[in-house]
Amino acid sequence: MKTIFSRRFPTSLRLLIFIIISIVLILSTDRMTSTRVFLISVLSPLQFIANAPSDALDSVSANLKSRRTLIDENETLRRFKLSVSDRLLTVEHLEQENKRLRALLGSPVGISQRKLIARVQAVDSNPFSLQVTINKGLNDQVYVGQPVVDEDGVVGQVIEVGKFTSRILLIADNSHAIPLRNQRNDVRLIGLGKGDLHQLELQYVTKNTDVKIGDLLVTSGLGGLYPEGYPVAKVSAIENRGSEIYSLIRVEPIAKLDRLRYLLLLWPKQTTKSLAVKQAIDETPNNGVKVD
Amino acid sequence: MQRISLLARLMVWLSVLVAAVLQIIPLPPFFDVIRPNWMFLVSMYWCMALPHRYNIGSAFAHGLLLDLIWGTTLGINGLVFALCISIIIKQFQKIRSYSVWHQALTMALLTMIYLAVYYFLESMINDVVMTDLYYLSALGSLLFWPWIFFILRKTRRHWAVK
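Chains G and Z, in that order, are what the protein sequence lines are.
Count along the first sequence from 1, then add 122; that gives the number in this note's numbering.
Count along the second sequence from 1, then add 50; that gives the number in this note's numbering.
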């Protein structure tokens with residue numbers, strides 16, 4: 123047992139030392155990315171352990187599904203697939219046509235991009251940010267700033283990559299803004315997160331701008347981060363306050379940010395030659411899609 | 051001074067890692083709101099039980115670990131942990147003699163301080179919004195402290211961590 127008198131440093135000095143260390147750490151955040159990647163990769167087993175109970179429950183519920191439910195589910199999926207593949211056929215035709223027209227105009231041809239399916243591992247419990255962790259990382263060439271979508275619309279972007287996991291900032295986080303375009307009339311807008319999963323706000327929209335409730339907003343592709351044309355949000359409320367120049371417009375994200383399961387990582391700059399969506403996904407290395 | 055056995059040291063780190071897992075384990079939204087800050091409470095326990103071995107330095111290390119698993123700016127939680135420990139580092143002898151619920155109240159109060167300082171620092175670095183239920187995590191600390199206390203005391207005695 124140590125006596126009180128044998129302490130090397132008094133508490134105040136010790137505290138001062140650690141305060142200085144943390145301030146240095148905070149200020150050098152940008153220079154320590156590689157260290158951070160390493161540390162996160164080392165800690166990623168924790169993430170997998172934390173996720174194990176819910177994974178186990180998932181697999182139990184998948185195994186215990188009744189025959190009836192499975193048949194029903196199969197039936198609905200079959201119908202859905204039929205309707206979707208019908209649309210896909212026309213889309214392929216349209217894409218071909220679009221390509222030819224673009225070639226005639228001399229503008230760059232939009233080719234389908236590389237995609238990868240990832241699974242949400244954890245939703246962050248940090249009180250100040252809206253982030254989720256996914257089970258893909260540097261091993262699958264995930265990069266910081268990569269756009270992430272789900273089956274409904276845009277979800278967010280990758281902000282931190284480890285070797286096996288990465289962290290995604292949701293579009294509703296209040297440090298996030300996304301360039302948008304109104305699909306009805308091509309008006310450009312900026313959607314600002316407010317820290318609320320069900321709501322975003324449009325910034326600096328003058329009162330005379332043509333925005334109506336129910337308008338679909340898609341990515342404009344202007345920031346260079348998100349590829350063009352992905353649905354993001356629907357306008358849900360417009361408030362005009364007396365003397366202000368700008369109106370307060372609330373929009374509701376289309377992707378269900380509170381119940382994310384599987385996400386799609388996009389590589390807008392890595393194009394695959396094939397047109398069909400199915401092939402684009404199949405081509406990506408070890409996509410690890412689990413069918414529940 | 052007695053040498054602490056490697057196993058005992060390992061047990062302390064294991065308890066911190068378990069706290070880290072509990073910190074990120076997915077919970078339904080209702081429980082998520084009152085999820086106590088496990089890392090903070092476990093860190094507090096070790097500092098209170100063995101202040102000659104675990105104090106500001108170890109609290110700082112635990113804070114850094116929390117920063118990594120939360121994805122916050124590295125150093126923020128380290129700083130807040132170190133500050134919070136330093137507030138009561140002189141009172142450990144006194145707090146140790148309190149009844150468990152009295153201790154729990156102290157910890158809840160300390161969690162409040164932690165939350166306030168954390169909010170203050172985060173708002174200096176990033177643009178943050180505080181939700182209405184932000185301070186409810188202190189209630190979680192109040193409810194879970196007795197369990198943490200008994201489990202960790204049992205661990206400490208069983209493995210003779212000194």
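Hints were generated in silico from the structure; no laboratory data involved.
Predicted, not measured: the structure shown is a model, and the values here were computed from it.
All C-beta atoms, glycine included, are put in the ideal place defined by N, C-alpha and C.
Each hint should be verified, as a subset may be incorrect.
[Claimed, not checked] Quick list of in silico lysine to aspartate or glutamate cross-link-like pairs, DMTMM-like style, CA-CA up to 25 angstroms:
| # | chain 1 | residue 1 | chain 2 | residue 2 |
| --- | --- | --- | --- | --- |
| 1 | G | 285 | Z | 182 |
| 2 | G | 378 | Z | 82 |
| 3 | G | 237 | G | 194 |
| 4 | G | 378 | G | 337 |
| 5 | G | 237 | Z | 177 |
| 6 | G | 316 | Z | 182 |
| 7 | G | 203 | Z | 177 |
| 8 | G | 378 | G | 366 |
| 9 | G | 285 | G | 308 |
| 10 | G | 316 | Z | 82 |
[To be verified] Okay, the calculated beta carbon distance ranges per label pair:
| # | chain 1 | residue 1 | chain 2 | residue 2 | range |
| --- | --- | --- | --- | --- | --- |
| 11 | Z | 140 | G | 381 | 55 to 61 angstroms |
| 12 | Z | 174 | G | 186 | 37 to 43 angstroms |
| 13 | Z | 155 | G | 309 | 35 to 41 angstroms |
| 14 | G | 196 | Z | 196 | 23 to 29 angstroms |
| 15 | G | 235 | Z | 166 | 41 to 47 angstroms |
| 16 | G | 391 | Z | 201 | 46 to 52 angstroms |
| 17 | G | 384 | Z | 163 | 39 to 45 angstroms |
| 18 | G | 134 | Z | 63 | 24 to 30 angstroms |
Each hint tested on the structure:
Under the criterion of a C-alpha separation no larger than 25 angstroms, the hint pairing residue 285 of chain G with residue 182 of chain Z is inconsistent with the structure, at around 36 angstroms. Proximity of residue 378 of chain G to residue 82 of chain Z is assessed by CA-CA distance (about 19 angstroms); at most 25 angstroms being required, the pair is judged to hold. The hinted pair formed by residue 237 of chain G and residue 194 of chain G fails the criterion: a straight-line CA distance of about 30 angstroms is larger than 25 angstroms. Only pairs whose Cα atoms come within 25 angstroms are accepted, and residue 378 of chain G paired with residue 337 of chain G is accepted, the gap being roughly 18 angstroms.
Taken as a hint, the residue 237 of chain G and residue 177 of chain Z pair is broken in the structure, with Cα atoms around 32 angstroms apart against an allowance of 25 angstroms. With a C-alpha separation of about 14 angstroms, the suggested pair residue 316 of chain G and residue 182 of chain Z falls inside the 25 angstroms cut-off, and the hint holds. A distance of roughly 44 angstroms separates the Cα atoms of residue 203 of chain G and residue 177 of chain Z; the hinted pair therefore is violated under the 25 angstroms criterion. This hinted pair does not check out: residue 378 of chain G and residue 366 of chain G have alpha carbons roughly 32 angstroms apart, beyond 25 angstroms.
Restraint check: the Cα-Cα separation between residue 285 of chain G and residue 308 of chain G comes to about 40 angstroms, which exceeds 25 angstroms; the hinted pair is violated. Simply put, residue 316 of chain G and residue 82 of chain Z have alpha-carbon atoms about 20 angstroms apart, close enough for the 25 angstroms limit, and the pair holds. The hinted range of 55 to 61 angstroms is not satisfied by residue 140 of chain Z and residue 381 of chain G, whose Cβ atoms lie roughly 48 angstroms apart. One distance hint, 37 to 43 angstroms for the beta-carbon pair residue 174 of chain Z and residue 186 of chain G, is violated here, with the actual separation near 50 angstroms.
Taking the beta carbon of each, residue 155 of chain Z and residue 309 of chain G are about 55 angstroms apart, not inside 35 to 41 angstroms as hinted. Between residue 196 of chain G and residue 196 of chain Z the C-beta distance comes to about 50 angstroms, which lies outside the given range of 23 to 29 angstroms. Take residue 235 of chain G and residue 166 of chain Z: their Cβ atoms lie about 46 angstroms apart, and the range 41 to 47 angstroms holds. The given range of 46 to 52 angstroms is respected by residue 391 of chain G and residue 201 of chain Z, whose C-beta atoms sit roughly 51 angstroms from each other.
Checked against the given bound of 39 to 45 angstroms, the beta carbons of residue 384 of chain G and residue 163 of chain Z, roughly 40 angstroms apart, stay inside it. Hint check: residue 134 of chain G to residue 63 of chain Z, Cβ distance near 27 angstroms, so the stated range 24 to 30 angstroms holds.
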